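Those protein sequence lines, which keep their order, are chains A and B. Going by our numbering, the first residue of the first sequence is number 1372, and it counts up by one from there. Going by our numbering, the first residue of the second sequence is number 1372, and it counts up by one from there.
Everything labelled a hint here was simulated from the structure, so no lab data went into it. Errors might be hidden in some of the hints.
Estimated spans, in silico, between C-beta atoms of each pair [as the list claims (entries may be wrong)]:
hint, chain 1, residue 1, chain 2, residue 2, range
1, B, Arg1576, A, Pro1395, 54 to 62 Å
2, A, Glu1473, B, Asp1377, 46 to 54 Å
3, B, Glu1619, A, Ala1567, 35 to 43 Å
4, B, Ala1586, A, Arg1679, 33 to 41 Å
5, A, Asp1646, B, His1574, 27 to 35 Å
6, B, Pro1566, A, Ser1667, 21 to 29 Å
7, B, Pro1618, A, Arg1679, 38 to 46 Å
8, A, Gly1568, B, Ala1586, 27 to 35 Å
9, A, Ala1678, B, Asp1580, 35 to 43 Å
10, A, Pro1662, B, Arg1441, 36 to 44 Å
Computed from a predicted model, the values in this text were never measured in an experiment. Every residue gets a Cβ at the ideal spot worked out from N, C-alpha and C, and that includes glycine.
Protein chains: 2
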Amino acid sequence: MKIFEDDALALATRLLVQRGAPPPNAALQARVLVEAELKGHPSHGLQRLPRLLARIERGLADPRAEGRARWRAGAVLDVDGESGLGPVVAMAGLKQLLERAESTGIALAAVRNSNHLGMLAWYVEQIAAEGWIGIAMSSSEALVHPHGGTRAMLGTNPLAIAVPTAGRPLVLDLATSTVSMGKIHHYAANDQPIPAGWACDAHGRPTTDAALARAGAIAPFGGAKGYGIGLALELLVAGLAGSALAPEVRGTLDADFACNKGDVLMVIQPAAAPDLARRLADYLDHIRNSPAADASQPIKVPGDGAARRHARSRDEGFDISPQLWDQLGALELSSTPTPTAFEGQTQ
Amino acid sequence: MKIFEDDALALATRLLVQRGAPPPNAALQARVLVEAELKGHPSHGLQRLPRLLARIERGLADPRAEGRARWRAGAVLDVDGESGLGPVVAMAGLKQLLERAESTGIALAAVRNSNHLGMLAWYVEQIAAEGWIGIAMSSSEALVHPHGGTRAMLGTNPLAIAVPTAGRPLVLDLATSTVSMGKIHHYAANDQPIPAGWACDAHGRPTTDAALARAGAIAPFGGAKGYGIGLALELLVAGLAGSALAPEVRGTLDADFACNKGDVLMVIQPAAAPDLARRLADYLDHIRNSPAADASQPIKVPGDGAARRHARSRDEGFDISPQLWDQLGALELSSTPTPTAFEGQTQ
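Only chain A is shown next, with the shape it has when bound in the complex (with noise of 0.2 Å):
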């Protein structure tokens, strides 16, 4: 069924607003939600709400905490979650990176106890909306094998890039693993099978059952090469934040477990050059236009085929499947907000 953005993000907001949430912290975390359905990524998308309705329900994600941030160095933010909402903790912290920036050029927030961000996306895209480069990047349960292993070791470790240009942003966001485990929720959700070499099972056997891959170990994308990609950002991720390695991660795909990974933004101020964003745009037009291999496939620049999507979606709605719009319907709460375990924190 096709759903509308306003419709989208108005139950997700009174849903966790009915869970104790402030209404900007709803709205924001309502917000990244839907951004991951129009861009065509369901798997980042509403059906993680039910699992973060829980969590807060059980005083695992606090909805009114934005995280307690401190400088540990002139441009480098540490910040404790506080076991708040993902977008709200980033957002928060990214705010105060991009004041810094103004005079340092650069800044990094190393974030920990905070829950899950959602899409990478979403937040470079805020960054570059400013004129700036981001990077985000985040850590995750262990779900990836090692090239050659087969055994969930790593977790998806996702990375997101943005390049401010005289036109659109170059927005990459991607998972180090072959495929999100995300989608392969979403996969198993609906029944479907997975492709052949995505993923094996707990004991290590190649899989396309996308219900025994959920309980095994996902391919590295791109061979050794990935693989070490996805370990670096593991060991920044972790070396920074000082957060859990994979193994000892919980609580991004759970509603038992306090959220121990880590997140990295940072914001980067691009060189002054007067014509640069000009020649970022222009290149990436000329890379679009550059001869396809198949003429039917024309190439894209990363974020091309989300903008799409995005751009459609707000006009048409987005699908999302009668059964989650169902169970998220019977989530309302008619009662006042019940306390949660944080309540007592507060001041």
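With chain A's structure known, arrange chain B on it following the hints.
Using the frame of chain A, we list chain B on its own:
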């Protein structure tokens, strides 16, 4: 034939000094080239020295320049390399970064007008040896086709990341092409065919002829994701250094043009958690000891192979083609340094 480190360093240093390089600059450039040999990456080793010597003789590389650096923001160093040797300019900038980052926690150098850096791993290893996280990236001539494309539009855009641990640091160093152009040159120099899938020729047709591949385009690693990372690095380097984009880049593979690619170096202070470095080292060991799909191929961590080869080569020497060693010997000059085009520019 086998060559020992000290003999290679001595010859390379001498050849550079004979062309006007101050001994410390010559020794540093020689070190970076020989390190690549020791690590088993001859594509970035001494085979690049004859071209570099020719660049000095033609005034395209100034072996005395260290670059002109200024802080364009509190933690961003803008470096005009003034046609200096890549390692000399980079290490001068790196010294400033490490000093500045003592207070800022993170610092970045954006370098243009500098010659080829050689193997990036070496730089991030120097950073990790100081206890810092190091990131290095560099742009190059258009050598890589877009995912789904056939024409060389991107540089090989290498990326290196080192993260210190209580044990050996993780050291990642990769080109975002399926293979480096240096390696294709090495195959061509040895009249060896390249594997299928590495490259297409100047007409966009797949080829296994290394000589034809040199004039064609290399495939990006890792399909759409690897292409995306390579393109993001292309825009990051140009966007930060104000350097040329791949189709306009010259001077890393020729002795005819000024070198207009860009380099980005970054240092970041790890989190101060007391057990963190030990946790990272234990995690890497945990990965190495995790089950392998093929028991005869144990899991490796980026940098393991290079470190093993490096240790062996220091003991036993490294392999080099007799032709190349003879070629280098024939480049010795008995006369005093000849003036270069830059001679008149020094005060």
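Taking the hints in turn, this is what the structure says about them:
Under the hint 54 to 62 Å, the C-beta atoms of Arg1576/B and Pro1395/A, about 57 Å apart, fit the expected range. Evaluation of the 46 to 54 Å hint for Glu1473/A and Asp1377/B yields a pass: the beta carbon distance comes to about 50 Å. Between Glu1619/B and Ala1567/A the CB atoms are about 42 Å apart, so this pair conforms to the stated range of 35 to 43 Å. Look at Ala1586/B against Arg1679/A: about 35 Å separates their beta carbons, and that is inside 33 to 41 Å.
At about 33 Å, the CB distance of Asp1646/A to His1574/B agrees with the hint of 27 to 35 Å. One distance hint, 21 to 29 Å for the beta-carbon pair Pro1566/B and Ser1667/A, holds here, with the actual separation near 28 Å. For Pro1618/B paired with Arg1679/A, a C-beta distance near 26 Å fails the hint of 38 to 46 Å. Here the CB-CB span from Gly1568/A to Ala1586/B is close to 33 Å, well matched to the stated 27 to 35 Å.
Between Ala1678/A and Asp1580/B, the C-beta spacing of about 39 Å keeps the proposed range 35 to 43 Å intact. For Pro1662/A paired with Arg1441/B, a C-beta distance near 42 Å keeps the hint of 36 to 44 Å intact.
Of the hints listed earlier, the one the structure fails to meet is number 7.
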